[in-house]
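**Q** Chains as they are written, first to last, in our numbering: chain A, 586 to 719; chain B, 141 to 259; chain C, 19 to 556.
Simulated from the structure, these hints should not be mistaken for lab results.
The reader is advised that the hints may include incorrect statements.
[As the list claims (entries may be wrong)] Within a straight-line C-alpha distance of at most 20 angstroms, the following computed SDA-like cross-link-like pairs (lysine to any residue) qualify:
| # | chain 1 | residue 1 | chain 2 | residue 2 |
| --- | --- | --- | --- | --- |
| 1 | C | Lys86 | C | Leu32 |
| 2 | B | Lys225 | A | Ala715 |
| 3 | C | Lys536 | C | Lys340 |
| 4 | C | Lys340 | B | Phe215 |
| 5 | C | Lys51 | C | Thr133 |
| 6 | A | Lys718 | B | Leu153 |
| 7 | A | Lys620 | B | Thr239 |
| 8 | C | Lys127 | C | Val493 |
| 9 | A | Lys716 | B | Ile148 |
| 10 | A | Lys670 | A | Leu656 |
| 11 | C | Lys340 | B | Tyr207 |
| 12 | A | Lys716 | A | Tyr706 |
| 13 | B | Lys217 | B | Gly229 |
| 14 | C | Lys374 | C | Leu318 |
| 15 | A | Lys615 | B | Ile154 |
| 16 | C | Lys127 | C | Met540 |
| 17 | C | Lys523 | C | Ala467 |
| 18 | C | Lys523 | C | Glu77 |
| 19 | C | Lys523 | B | Pro147 |
| 20 | C | Lys86 | C | Pro404 |
| 21 | A | Lys620 | B | Ala235 |
| 22 | A | Lys716 | B | Glu224 |
| 23 | C | Lys523 | B | Ile148 |
| 24 | C | Lys374 | C | Phe524 |
| 25 | B | Lys217 | C | Ala467 |
| 26 | A | Lys718 | B | Ile148 |
| 27 | C | Lys86 | C | Ala34 |
| 28 | A | Lys620 | B | Ala218 |
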Amino acid sequence: MIDVFTFLFTICMLSIVVNLGISLYGVLYKPSLIKKIISLTIFSDSANITAIIIGYVRWRNPGEIAPPVLLNPNPTLEDIEEFAKVAVDPLPQALVLTAIVIGLAVTLFLVFLTLQIYRFYGTTDVRRIAKLKG
Amino acid sequence: MLIASDPISASILISLVMLYLTLLLYIVIRVLKPKHSESSDESREMYLGGEHPSILSKPHVLQSGLYWAIVFRDFKKAYRGLVEKMHTGRVIDWAYYMTAWLLILLLLAIIALGISALV
Amino acid sequence: MNFASNVVGAITPLLAISSFSIPLLSLFIKNKKFYNAYALTISAIALAMSSWTFARLIEGGYKPIVYKFGGWPPPVGIVYEVDALNGLLGLYASLVMFIAFLFSTWYSKFIDDVTWYYTLLLGLETGIIGCIYTGDVFNLFVMLEVLSISAYGLAAFFTRRPTALEAAFKYAFIGALVTTLYFIATVILYSAYGTLNMADLLGKSTLASSSGFSGWLFGDVTSASLAAIAFTLWVFTFKSALFPNHFWVPDVYSAAPVPVIAAFSGAVEITGVYVVVRFMYTLFGAESVLALNGYRDSILLILLILGIASGIVGSLMMILQKNAYRLLGYSTISHIGLLYMVLSLGMSSIPSDVLKTALTALVYHIVNFGLGKVLMISSVGLVSTPTGERDLDKLSGLSRLYPIASIGITMAVFQLIGLIPFGGFYSKLLMYQAFISSGQPMLAVALIAISAISSLGYLKIFYALIFPPLLRSSVKEREGVVIPIVSALAVAVLLLGLFSPAVSKFIETVVENSLMPKGVKMYYESFIEVLRNYTGGG
């Protein structure tokens with residue numbers, strides 16, 4: 586019998602994978618440059634959520650959910666051990682922060698490119714932006 | 141063995157052979173070279189064959205006409221496929237090839253995992 | 019040894035800081051010559067540091083040098099780990115970048131705003147050196163992004179030219195997608211292994227029956243490795259322009275500034291090849307979990323097939339081109355195909371001495387191809403830049419104005435086709451030997467066919483630039499610094515061939531100490547040693 590936690594978690598992971606697939610399709614096959622940018626942000630956000638979820642469930646068994654708060658201001662060794670049991674893995678969050686900052690820079694650059702391409706080509710349809718071929 | 145096994149003497153030997161062949165080719169070309177003939181207007185027109193007369197002012201064949209026979213006759217089909225199907229310059233056309241390669245990689249991974257799950 | 023590791027750690031921060039301080043400096047200093055000298059000095063320092071590092075590596079018997087960022091020990095903190103292959107390719111890449119900067123001092127006459135150009139080019143060098151030296155999978159992602167963003171910016175550098183914008187958008191959209199995919203690959207690796215350090219991953223992936231770090235639902239080490247390597251290979255075949263992912267190369271080449279083209283074909287794509295080699299031979303070698311049910315063998319086989327396809331498509335498309343740089347882009351694709359053909363000889367059925375020959379040929383051909391290509395691009399750049407034309411028909415005969423360019427183009431064509439006294443011949447000979455002794459003579463036939471077809475394409479440049487008489491009177495630009503660049507590179511490619519026994523012997527030692535089992539063991543042992551020093555010595 587599948588418990589509720591596993592069930593919900595599986596649904597969550599599945600929807601993320603579907604999201605990744607749809608946005609991959611959007612970036613590669615949608616002709617409009619604006620829609621490509623939107624798909625790309627959805628893609629990188631789905632990737633970030635994957636990372637966060639991995640940090641969440643990584644070290645512990647399902648079921649024991651408690652807020653990772655340290656009550657004692659001067660913690661003893663036992664307190665820290667207890668804390669480490671309920672805390673999430675902080676490393677994926679650091680990874681996600683880095684990825685978000687980089688994603689912002691890339692998105693800005695792409696928006697600039699789209700604007701400039703619209704000025705020169707008069708369209709954002711990639712099927713008509715094909716001067717370089719062969 | 142005729143060609144020495146170490147690369148230095150092999151390269152010296154092959155260089156000498158190539159030099160000899162070049163010399164031979166040069167002599168043959170010199171001997172067989174036709175006498176310079178004057179060209180009349182008629183012959184010039186026949187040479188033109190539908191090309192624009194401006195190509196006559198060019199002292200040599202343009203590089204775009206260099207491999208005409210290869211591109212438009214011998215490998216015509218291959219080039220039509222390469223240019224009209226693959227290198228169209230449209231990102232959407234590229235994406236089919238790129239995703240196919242990604243799908244091959246993922247499919248192989250799934251097959252490998254599936255085999256280990258079955259066995 | 020400690021000082022050596024500090025030098026390794028200092029290269030990328032130095033490059034990054036000096037890159038980002040250029041926009042600040044541009045508020046006060048407007049002189050173009052200052053920025054030429056500034057960027058050239060920084061890249062010369064980087065070159066000196068990387069060559070010093072490599073000298074220390076040779077001195078220490080190729081024992082890998084580890085630098086811990088912030089003093090954190092390896093599995094926790096980010097490390098740079100430089101072994102023989104890393105060190106050699108880092109030296110090579112910084113040499114190529116130095117030549118690109120040197121060429122830029124001449125090229126800067128023809129561009130208006132030199133500050134952003136140098137900011138981006140120094141950023142590109144940061145990314146390249148970072149990608150090559152890093153010993154951490156996530157740091158590789160960060161450095162890949164640094165490299166990529168600089169590369170997009172440089173591809174779109176001429177923002178007033180529609181073709182440059184088009185090329186940059188084609189490169190940047192797929193590039194952004196691809197780097198995010200690599201981020202997912204690192205996350206998958208972390209979820210299964212609980213580590214991002216390369217040496218740690220190597221140890222854990224080799225211990226296939228590993229327990230203790232298998233988690234819940236994500237914990238399956240095997241499936242995680244397979245998925246991660248599938249994504250990673252797709253990403254780095256895009257960066258290195260292997261056949262189905264090669265489409266961006268000719269477009270970017272036909273519109274980017276000339277020194278940037280040299281940096282792209284000499285360093286950026288080689289970085290992609292390096293990362294694939296690192297993943298397939300160090301992280302997930304023949305004894306790792308990746309060998310499950312022949313997965314590693316089958317993807318190596320597919321890389322081999324794609325390498326052949328890349329070589330043939332690249333050289334066939336060369337025949338068709340009108341734009342000089344677009345032609346050189348397809349020639350890069352064809353050479354990358356050759357590199358992938360030879361790097362995929364690591365299947366389990368192939369004996370290890372054949373693999374050693376193959377990898378020696380790989381590294382030797384990287385150096386030969388890169389230097390020959392940079393020589394070719396700087397010679398063609400000397401001819402084409404003053405006119406502003408890139409069409410071969412419009413450039414016809416112009417190289418008669420610049421004798422040094424004619425010499426350079428001739429030498430580079432010989433090097434890239436692989437004629438006898440040049441280095442290109444000897445690396446192709448090594449490849450040929452590897453293919454023959456692996457029992458696949460068809461591969462050797464393919465190598466010869468690719469070289470033969472691509473020689474037609476190179477002859478086109480020859481025919482367009484050197485043979486025809488000069489038609490219109492053109493203003494001759496002063497060659498300046500291009501003369502020493504071209505003559506030094508021409509001598510270098512000749513020496514690479516003349517001393518080929520010594521060079522290939524040296525590269526064989528490098529390969530033995532980095533990619534063969536002995537070198538992989540050393541890579542892991544120096545990680546363990548750093549870890550033990552930390553836990554033991556406090």
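**Q** Which hints, by number, does the structure contradict?
**A** Failing hints, ascending: 3, 6, 9, 15, 16, 17, 20, 26, 28.
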